[in-house]
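Asks: In the order they appear, the protein sequences are chains A and B.
Taken in order, the first sequence gives residues 1 to 726; the numbers are from the numbering used here.
Taken in order, the second sequence gives residues 727 to 1160; the numbers are from the numbering used here.
Derived from the structure by calculation, the hints contain no laboratory data.
Check each hint, because a few of them may be wrong.
[Claimed, not checked] Taking lysine to any residue and the SDA-like style, the derived pairs with C-alpha atoms no more than 20 Å apart in a straight line are:
no., chain 1, residue 1, chain 2, residue 2
1, B, 917, A, 184
2, B, 924, A, 184
3, B, 917, A, 177
4, A, 130, B, 1068
5, B, 917, A, 60
6, A, 130, B, 1040
7, B, 1040, A, 59
8, A, 87, B, 1103
9, B, 917, A, 130
10, B, 967, B, 798
11, A, 13, A, 94
12, B, 924, A, 62
13, A, 130, A, 183
14, A, 288, A, 561
15, B, 1137, B, 1147
16, B, 882, B, 765
17, B, 924, A, 43
18, B, 982, B, 732
19, B, 982, B, 1147
20, B, 1068, A, 177
21, B, 967, B, 882
22, B, 917, A, 170
23, A, 442, A, 372
24, A, 130, B, 882
25, A, 136, A, 170
26, B, 1090, A, 94
27, B, 882, B, 768
28, B, 924, A, 94
29, B, 917, A, 59
30, A, 60, B, 882
31, A, 591, A, 220
32, B, 1010, B, 1140
33, B, 924, A, 42
34, B, 1090, A, 177
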Amino acid sequence: MAAPVNLTIDGQKLQASPGTLLINAAKQAGISIPAFCYYDGLALQAACRMCLVEVEKTPKLQVACTLPVAEGMVVRTDSPQVRQARKGMLEFLLTNHPLDCPVCDKGGECELQDMVFRYGAGQSRFIEPKVHVDEKQWSPIVYYDAPRCILCYRCVRICGEGLGVSALGIGNRGVVAEIVPNRGDHLECDECGACIDICPVGALTSGTYRYKARPWEMDHVGTICTHCSNGCKTTLGIRNGQILRANSRDHSGINGEFLCVKGRYAFDFNEHPGRLTSPLVRSDGEFKPVSWAQALAAVAQRFTELRVKRGNFAVIGSNHTTNEENFLLQKFAREVLRTSNIDHHRTGDVAGLIHALDGRTNVLASTDDLYNTKAALVISSDLAQEQPLLAFQLRANWRHHKAHVYAVTPGPVREDNYATTARAEPGNEFDVFESMRERLAKEPELVILFGDAIKGGRIARLVSFGDSLGIPVKYVCLVDYSNSRGASDMGLLPHLLPGYRSVSDSGLEPGLNYDQILAAADLDALWIVGANPLARQSLASPNAFLVVQDLFLTETARQASVVLPAASAYEKNGTFTNVCGDVQKLSRAAKTMGTKSDLEIIALLAKEMRQDFGAAKPEVVFDEIRRSVRGYDVPLTVIETGGAAKTVLLDGRPQVASRNGHFRVDTDANLIRSARNTLFTSGTLGRFSQMLSSVIEAPGALYRDPRKQPEVREGSVQVETVKQGQ
Amino acid sequence: MRYNVPSPLETRIISQRFDLPNSASIDTYLANDGYVALRKAIGMAPEAIIDELRASSLRGRGGAGFPTGMKWSFVPRNTGRPSYIICNSDESEPCTCKDRLLMENDPQQLIEGMLIAGWTIQSSKGYIFIRGEYRYQIEIMERAIAEAYERGYLGKNVLGTGWDFDLYTHSGAGAYECGEETALLESLEGKRGVPRLKPPFPAVAGAFQSPTILNNTETLSTVPVIIRMGGADYAALGTPKNGGTRLMCVSGHVNKPGVYELPLGFPLMRLINDVCGGMRNRKKLKAVIPGGSSAPVLKAEECDIPLDFDSIAKAKSMAGSGGILVLDEDTDMVAVALRTIKFYAHESCGWCIPCREGTTWLKKVLTRFHDGGGRSSDIDLIAELANNMLGRTFCALGDAAAMPTAAFVAKFRDEFEAYLKRSSAAVEPELAVV
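Isolated chain B (complex conformation) (with noise of 0.2 Å):
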């Protein structure tokens, strides 16, 4: 089921099934279109389906926007080495909640999607790493691999190739860092969840240390739609270098929150007004964090944008996760930069230093500022902090928490001087607090 009502404007395709009766189960799938794109893979050249991802111009859908065909085409293939396909469900991107529907929707098409990718380096073994909170998820997930083995699309000779793919389930255990995609690799082979160091990338030395297709939910999930319909009508749907559609979360003061299929390119105030109904009791737009927690927060006056990777980009912001946060008039700033800050605190898993005590020092500046005990060194402290810990962290961790907390302050710094005003400390203290 979904959360939200659809709405007309959406182009659905990786959503088409979502709101057929009893969408999970492989009937459903299979009576529209399941499995067709895997049995058209059989059929093809691994580069010819390499080809397609590269002419659909699909980007990686959990954040970086890495061109999944490109990805595709960095695995060694005849390396002696077992390979691995990796799914990234451990969505946990403040704002991002479109994995979870596509796992509880139709994860099939997942299913079919991290098949077509097993065929294309002719790998065996797969595993969806999905986040531990997803408890509900992994059972969907559980049930739809049994139904896919009993019909014969996993396990021994799938449909009559030769061929073996085994596909598991694995469970994160609740933190955030493990969705960067080398910590999730250390977590799923039982290590503690922290990042590696690159090169050697994933595609090369991943899982075990051998050839890796690690990918989102949503760009494996969409990978059967691009061969199904060919890579180039796929990329049409959205604007160059930006196949395509994605699933939009849209969250916070707007009428009509919830995951819209919308194609790439979508203009960030048609989303807002057409599509999520205007803002809620006729507000007015304050600002926009485009995707997800860790991009940088767009004042109302930036927010006339088309929504795909660059066009964001070029806003100096990011398209990152999908997570679309729409704030209002009201909104406290130093409040959301705050809560922002508290939850990388909270998940920077501590590897490295600038990342592990500058989220903290930052959470422990803004939420002294925030109780009223700013003093008037603070504003440039944090964006210096913020400062000291971009770009130089072991991962991106570190600038998803520094990016936003400089934007806030370079963005609001008005709201964050009316804050002084109020404050009990805004004269230096004569002694340290300690």
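Only chain A is shown next, with the shape it has when bound in the complex (with noise of 0.2 Å):
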């Protein structure tokens, strides 16, 4: 590394290493300097011209923004020019803006408003009549008011660069300049918000959020989102207990300042009219509300009865519960209930990978290491589409550090526009590395990411694949859910425990897997929690007492003999598990009233039945989750305060000593079946948010980037170099 470089801020003797800039050397030694257009990661664009500092030896004000340091820079920041040049720019700035703060969704969280009140500028020398351009509303999201504008492209640039959407330029010029869509007068794009939540000013408002509260009136929670598995921090505003708005507020979360459409605006599911606020129980054919000890004593009366008969018994859980919810409801399966029909819709062979790398250490990517790796390869997954953060993340990684992505897959992707790109049918993709091996091996790294085309045997093949090319590899098992892989680690498995471990180290056979308790005959109980699998397959112990934890009535609640409302993940505390296998804490937030999380349905019908589960707290439970299952033993410090802690299921030790001596791994492929959820889907749940269907992209399978053709050719294996980063 080169030599740091000297300079003085402000008097303040300070080392930067060559090639940062003043904005950034003074912000590493706590001197702010104002910007509005400065925006960490995205283009330099000098436009607002708030950060004139004073360097002596030019005879100009200069922008430090755009400035490198140099050896024996002088520069002042909060000299009488300078804070004369950044009060002229405000007034220049407030000609035409509307003052409209008293009605500004902005107002009390606006970067105009707060350089305003530390540079004055307060009163205004401008008397002549203003510019004028009605508000326009550019999609059910996304609203546009050009008065307020500050024009500086941090919308259009976070879009275009940091997502690869462009979906908004600029247009006219001078003083009538505005920010406007791509595509005539309305948006066609990820619908993600980003450029809401970036805007410095109240120019971009929500369409869920405007006119709604101010933010002061609001509680801030941070929490995770609870549709798909990147496990983005979401901070909700919460006003009386209901949520108005989500975003990334204080960019503390793994995905920064990065959500997307679910992750800011699908949280209205929980006002859904259609939530369930009262226990079910059906008598003579028809559902009629009871209290909790009604219900859950009908429960726990059932299960004891059934238990005592030595009845069949099975449990579905959930890709949306908490660890700790799923490691209780295992542990109640296995231990109250005797049985190991248990299992969860698994959409990625997370077992499988686990199994196949069993020995081994380092070799799970975390959530950062795609951010940093020198290259990735994804295999069958429309990342934007399904991974959202992940397909941020690489694509920051290829604009930050040039990284190389290499993408294999059926159809056109996003990836196309920088990465090298192969198509391949699916059941072909070997075909396509084996074409790639000489690039790959040339890598000094690579995670590789992929989802349900790669599973049961395969996955072998794939780390063999991997070894085979002589550098570091890392491997992403991409699943659905918010915690579909906290139900995978939790052991809702018929054949591991927690941690992956055997069954048999609990004296327990293998039980029944999801799709064999639902074509089982003979059963007697069927315990389904926060999942749907009757909405595509049926049941075929038509006798079954099914007892059903939902938000809503879905098609499964709507079969059951009990069906008990349970709170959301955004009204729970707990921990999640995301597709990377980093843990972090769920806060709750919001409250419906009459849920009940399904940690303490899971609790009180342990004590109905008589049952000692110890207290039924998360943090208990998750102390014993950290003590028993392998590679959880994460530090609480990180969880507590908001971190994302990551797991080492694999630390070089054989996964398993079971008595009949092997790790099982379950063959049937078919198992694992991806929900194949778009950016404007979440399976169930996302059904319930009006806000994914009201946009026009909606369902999301058709949008595609338009500037791409879909090139599928039959048995195309060619390597095609779409766009080479520089």
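Please assemble the complex out of the two chains, which come individually in their own frames, going by the hints.
Replies: This is how it looks when you write it as structure tokens:
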């Protein structure tokens, strides 16, 4: 590394590495230089001219956001001349600004407001008529009020550079210049709302939040999004127990400023009128609302009876419930109901990957790795649709670090715009890998991301391909939902205990899997927590006692004997494990009267059945997980402070030393079925978000990069470089 | 054809063919020293060509007056990337009308200049970026390019050297800002015409992020002359550091306005009185804007200066694009200030705050002031707003708007104050009109 540069800012002597921009060097020294257009990680603009500073030996004020530090530089960031320049700039900005702060959504957290408080220019000398343009609605989500816009171009850059969507541009010139959608009068985009969040003023406002609240009226609760498996942190704005908005307010999560349409807007299912708020018990073929005590007693009584009779139990768990709930559910199933018939909707073959990698260390990529790896290979996943944060991270890695990204997919994907991509029909992937072998082997390292296209025995083949490259390779098994990974890690599997230990360790035989449970004709009781299997499949045991815990009266709940109304992920505490194995904390934000968290329900049921499960608190259960589940002994401080703690499922020790000798893998690859969610669908939950279905791109399968034509040819395996990074 | 009668006081070098019959045709060109310089340049090393330009003291004729030889020497060679020759024919500076004459009357001279530039950095592609309003001139240039292709001066294997050079015209879309070199490059690349951050400068990363020579039409048209006559002889025509001649576009209240080729250092008063036949209707001279509307105005008593870059800069104005506007004693300077700022407010690209908002605010204040609604505080406000823009905008457009405005107020404050006496709002109103 080159020697650091010495400079002086406001009398403070400091060092910075060569090439550091003055604005960042100052920030490192605790000196903040104001700026609107400068934004970390996006292209430099030098458009707002707020960061003007005095640099000795230069006649004019200099722009700190584009000026690299130089040896011996002496800078003043707060001299009278600088303050005057900033005040002048603000006065210019306010000339055509409507000054409607009292009704503006941004009031209270507006960067322009803050700046005017700091530098003055509160009283204007401008007495001329202002330029007025009517507000425009670009989509159900995005409104644009041109007069409030200061043209910092952050929105244009986050959309184009950050997401690769380029839905926004600049129209007109001079004083009537404004931000415009690149397609006529409306947006055709990911509807992610990043443009709204990144707007320093109230020019871009959110259709779901506008004119509802002032920022200071709300509590801001940081929690984890409940939709896909990427585990973005979302800050919920809560007033009177109701979620009014979601954004990435403090950028403290693994996602930084990123959130997709689901993270920002699809919280509205929480307020859906169809939410269950009272337990239902079927009597004479009809549901009757009953009290919690009655419902729990009914379930406990039936379960106890069947247990005594050694009845045939089965449990289907959820991809959306917390680690604590999943852990407790499998414990209940195995210890109280004495059954191994437990499974969940598996969307990726995590267990298969753990098996294939057994005995190694440092082979599972974390979310951070995607931003830092030198190279990545995406297999058969339309990442931007299915794993939006991972797509964003890889793109950012390419933008900032010039990472090489390879994608082998059946159809066109957004990565085509910057990655080396090739088309491969399902089943044909390995032929394409071979054609890429030479290039991949030249990379210093590689992260391989694969979804349900590679499962069962093919995972071992993938790992041996990875091994044959002779470079360090890490893997990510792509799964669909917010805690799909946690469900697998917590042993919602018929043959594996938490931490992928064989069930034989607990003296049980492997039980029925998901499909077998639904197909079994002799079930006495089926307990379904937060899942909707009967939407697509039917239940072969017509007389089974069916207990369903859910938020809504789903297809599955409709067939239940007892329905217990569950709290959503935004209404409880606990932890989720994201697709890359990072554990993060959920914080209770909202509240729906009449519901209970699944953890409470399980614990109350245990109590009702006179089983000692200890205190039903998430922290207590998590403590047990940390002690008993391999890889989950994560630092509590990281979790408690809202960080992401990496699990270490593989630590070099052989995974299993079970009595019958081996870690068994379910070889029925048909059980692994991705839901193929798009950006605008989210399984059953997504159907209850009106916002998701209101955008024109929904359900999203047809939403593709319009610049790309599909180019799938029969049996095509040619490698084509669409665009190389510079 | 020319639009004015030439003056015997002119030194006609780059305009030498302007009055020949059929001057735009390649035959006329070839019969009159055409492509002599290119043949000479092909026998010269690139360094030697640049040395001739250095020796000529040729300074860019677009406005900034940067030494051309130095500009060419900054272009890296053998980078493995293509390189480009770009001609800036986006002539949009008010009072300036010389590039159009060079294109109308001697297009081959410009092509030859670009070929020499191309040969110097071994570029194989050139673009002439012509303002969209110059539709007629674009057609002439295209005809000329076609003729040059026919005769083997453009295309594959130019003059049997094995070197290829292709030349294209590119139409601007009516933005003054695209005369700024980096905005021109953005527009050329099909993007919105806004300036780029510098560095990197176009020499290093210009068109398509590749090494680029980007010069004004007149600058490139002068190159063949310099190569033909030698840099030192060309320089000797002008004054030290201000070599040669330039086309001076005189407009306003003189008897014979027009475009005249004069050596640098030619006295301004001689230009007005002898070349242009003196003031119209024997009026007295009030002021001169010496280098396009961006140049700060000179009062009559400041006009006794030679017309070269350094002398005009010493008088706190600039030689700019060579557009000279002469104003007589009857001129309303508030109206001139208003007309000037109207142009810049209309042409501001909107990229940065001070230019976008500042020009418009100034326009609005000056409009009100001019229409009889001036307030006593407005005069200082105008000066202060111009000052808040000066040196703080992204590109030179903001300065180009602020400098003349500040000068109008500073030098003709009495006229602004006279306006106040007629104003209905000279006393501060109690309530602001919103």
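Asks: The structure should be examined with respect to each hint, and the outcome stated for every one.
Replies: Hint by hint, here is what the structure shows:
| no. | hint | result |
| --- | --- | --- |
| 1 | B:917 / A:184 | holds (17 Å) |
| 2 | B:924 / A:184 | violated (32 Å) |
| 3 | B:917 / A:177 | holds (15 Å) |
| 4 | A:130 / B:1068 | holds (16 Å) |
| 5 | B:917 / A:60 | violated (30 Å) |
| 6 | A:130 / B:1040 | violated (40 Å) |
| 7 | B:1040 / A:59 | holds (17 Å) |
| 8 | A:87 / B:1103 | holds (19 Å) |
| 9 | B:917 / A:130 | violated (29 Å) |
| 10 | B:967 / B:798 | holds (17 Å) |
| 11 | A:13 / A:94 | violated (36 Å) |
| 12 | B:924 / A:62 | holds (13 Å) |
| 13 | A:130 / A:183 | violated (28 Å) |
| 14 | A:288 / A:561 | holds (10 Å) |
| 15 | B:1137 / B:1147 | holds (18 Å) |
| 16 | B:882 / B:765 | holds (16 Å) |
| 17 | B:924 / A:43 | holds (14 Å) |
| 18 | B:982 / B:732 | holds (10 Å) |
| 19 | B:982 / B:1147 | violated (36 Å) |
| 20 | B:1068 / A:177 | holds (17 Å) |
| 21 | B:967 / B:882 | violated (38 Å) |
| 22 | B:917 / A:170 | holds (11 Å) |
| 23 | A:442 / A:372 | holds (17 Å) |
| 24 | A:130 / B:882 | violated (57 Å) |
| 25 | A:136 / A:170 | holds (15 Å) |
| 26 | B:1090 / A:94 | holds (15 Å) |
| 27 | B:882 / B:768 | holds (15 Å) |
| 28 | B:924 / A:94 | violated (28 Å) |
| 29 | B:917 / A:59 | violated (32 Å) |
| 30 | A:60 / B:882 | violated (48 Å) |
| 31 | A:591 / A:220 | holds (14 Å) |
| 32 | B:1010 / B:1140 | holds (18 Å) |
| 33 | B:924 / A:42 | holds (17 Å) |
| 34 | B:1090 / A:177 | holds (17 Å) |
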